[in-house]
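> What follows is the residue order along each chain.
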Amino acid sequence: MIEFKSDGPFAEKADHLFPDRVRVIGLGQTGVAVCDQLILHGHGLHDLSVFDSDQQAIESSVVPNRFLIGAEVVHGLGCSGDVELAREIVVREEERLANVASGCDFLILVLGLAGSTGVALAEHFIQLGRKTGAKVIVAGVQPFAFEGAGRREKAIEAIASLRQEADSVLVLSQDRIVEDAAAVKNVRHGFHLMHQLLAQTTQALAQIVCKRGLIQLSFADVRSLYGRYTGSEVLENCWVAHVEGDIHDDTEDLIQKLLACPMLADEAVWKLVDHAIVAVSGTYTLGLSEVQEMVGALKDRLPVNVPIATSASLDEESNEKVRMTVLLAMTTPVAVPSSDKSPEKKRSKPLQPIAETVTLPEIEARLSPPMTDKTKPPRKAKPSPDVAENQVNHAPAETGPLLVTETESETPRPSIKKGKSERFIAKQEEMQFEGPTRGRFEKTHETMYRGENLDQPTFRRRRLAIRI
Amino acid sequence: MFWGKSRNIVVALEVGSTKVAAAVGEIRPDGTLALLGIGEGPSGQVRKCEIVDFEVAQGCVRDALAEAEQKTDVVIAEVYLTITGAHIRSSNTRVTTLINNDGDEITGDHIQELHDMATAQPLPTDHAIVHHLLQHYVLDDGSTTDNPVGLASKQLTAHFHQVYGLATRLQTTIRCVKELSIDVKNYALSSYATAQAVLSRNQKQLGAIVINLGGGVSDYIAYQKGAVVHTGILGVGGDHLTNDIVSGLKIPYAKAEQLKKSEGSVILHPDQKEERIMLPGAYNFEERQIYRESLNTIMQARQAEIFEIILEDLQNASFWPDFAGTVYITGGASQVKGLIELASQIFPCPVELAHQFPFDGDQNYGRRPDLSTLLGLLHYARQAELEVPATRGFARVGQSLRRALASMRLI
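In the order they appear, the protein sequences are chains A and B. In terms of this note's numbering, the first sequence opens at residue 1 and continues consecutively. In terms of this note's numbering, the second sequence opens at residue 1001 and continues consecutively.
Hints are supplied without guarantee of correctness; some may be wrong.
Part of the chain A face toward chain B, derived, beta carbon under 8 Å [unchecked claim]:
1. E293
2. G439
3. N453
4. P457
5. L464
Note that these hints are calculated values from the structure, not bench results. All C-beta atoms in this analysis are idealised placements derived from N, C-alpha and C, irrespective of residue type, glycine included.
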């Protein structure tokens, strides 16, 4: 019997590359329900934990690592939407929560944004993640509109607060599924559907940031899509669709099912999205040709032409199944009302490049013309640590010559067409200019409102032209 | 003699972002109030109504009090103080007690019990209470009353508007005065004090919102059926307008402040598009011209944003759907041109400039909107003094001695 032992000279590096780099934490009732879905659907391989102040939610969870917090204060009855109380509980429980962010590279926090315990815990875990160097991705869901203005306001405040600190914040809206047949039939089905979608989002995120895929994307890709906003200028910025089928199923059927997912039923969504990430996973018999076929079919069937970045990985427990999750993103605010009808203010971080997967025939077609002086590759920039990491990510051994990821320069509403001349640009972040000073109010605490710093001149925030 | 028949003097002190002012008033035997005089001076190192540099701010307070003493020939031993700042929060709360005596008659003890319960309500960590403002009492049949003593009911509920703030910030302001050997007799929320100066009982009953546009903050208070139903403080004020002008037109702060007052408007006129304003030169400033449109655009954007944020907060409050009153605007920053016009475009209700109640005594200050909070605090102090029973016997001797020692700055 051959036994593999990781005690060689590269053991430490190997350990760093593979085992539980991602920790998924369900916060509050929504987080608990989502993590339950992950376990029930066989995605429980990740390091999963759930935290809540509601004893009933914790005790009914199937997640092994479950923690009831604030029992001394609220006696297991939850915080009833009182965020201040939840924050107080978090402060009291600091010692118990101290080690949650240690020993992992990525924390994925899942929560309902209108809750109190979840939001307070998320704020705390983001801080912990910062201390330990773990990247924090937040996947949150906005409440239904009918839940009332109070909960909506709370969600907006939570989004602004979380975006201030977290590396990426994915905000889904429950209202997108309100007209789904299952949700119409039974309100529990509606919530269940949302929990499943969040579980699939979490699974896809974990797949993307783990470096064990066939076609490798990285955390940088997630951040470039979902880490742009710093406040609540844009609320909903993520839409998810998921399909699962047999490896031998017709690709067209799978894509049709995917596009029929409840979140994409509203045509308004397609006016908002400008980027997409596709995460494909399947058994060891999943071939590159199948992935290529699926992504190609998806591209053809999408109502809009958006750049698609693809991640593919093998899942030993998928049992002849293939799973495809599409994460759609809005990186640039557009003047189209979203589901919550909230006014959206146009302000975003400097745009960053996003990787797009291009298949072999396309690459060959591009490389076929002889290289002239005019088509020389661009001069290499001095790589920063991040850039170096991204470059490594984009040339994994498994990818080989068959599938190549390329980057494209950012455009607000992209429309990639094959005949367009494109350049291979090193993936790197744009240098941030130093923010404007607050003048007279430099020494004071900032006055924040809906994610905007009111100490900054209004005309500047609203981009009004001033003639001097 | 110290214990002889002394004048009933009340002093109101406001430590603002733009100025520090102390008003000295006298409560006459008939209960009316006469303004004796006001001492004021520019405020230093106070931003958004919070003290940034303690010593500088304390110096400004000392100067203002000294000027008030000099003008009125009164030795100031204790003051009423305004409290404001963006850290102040408020909420509506209610407490209920059961009436178990014979005949279910409500007594003064029940009222006291409700007030004690309201005082014991939990606050967020590190916060201290500023006000518990009674709104009304509700009997078991749902009817409301302002004075339930003597009525019969199985239970009694009291509705309060509670105002609280960060204890450390409140202490800093109070300590700034106390370290000058001046006692802080009581304090009041700035917007609550302002309302006492500009709103009559009838206006409070009909429904009114007072917006006090100060230098560092804009605070507001809403009344309905005679009770305070909502208060709020936005950490943005007239200083922000000036700061925006500095940033947008690249001119020094003092020039920007002067320009705002003399030429600025928050209404954009299309016919002024090409009009220019000459900024005279100084030893360190070269003469230059600026577009009036640019100045007004900067100011309009900021002022409209302030009103929009306030309106949004008011609209989210529970009283708003039933509100049918008027918005009254006052404060130093309300002197900007076009303000009422702009506010009328934003608020879906009548908007007026607030007018202070006339005072007896010194008439020099009655029409200054920047003093409405200070003068309102004098009204508040008068009311508080009249409610407290007069000191007698040894307590009165002690009070006189304290005043005498304070005059020598020994305590």
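> Hints first: check each against the structure and report whether it holds.
Verification of the hints:
| no. | hint | result |
| --- | --- | --- |
| 1 | E293 | violated (51 Å) |
| 2 | G439 | holds (5 Å) |
| 3 | N453 | violated (11 Å) |
| 4 | P457 | holds (4 Å) |
| 5 | L464 | holds (6 Å) |
In terms of the numbered hints stated before, the structure departs from hints 1 and 3, listed from lowest to highest.
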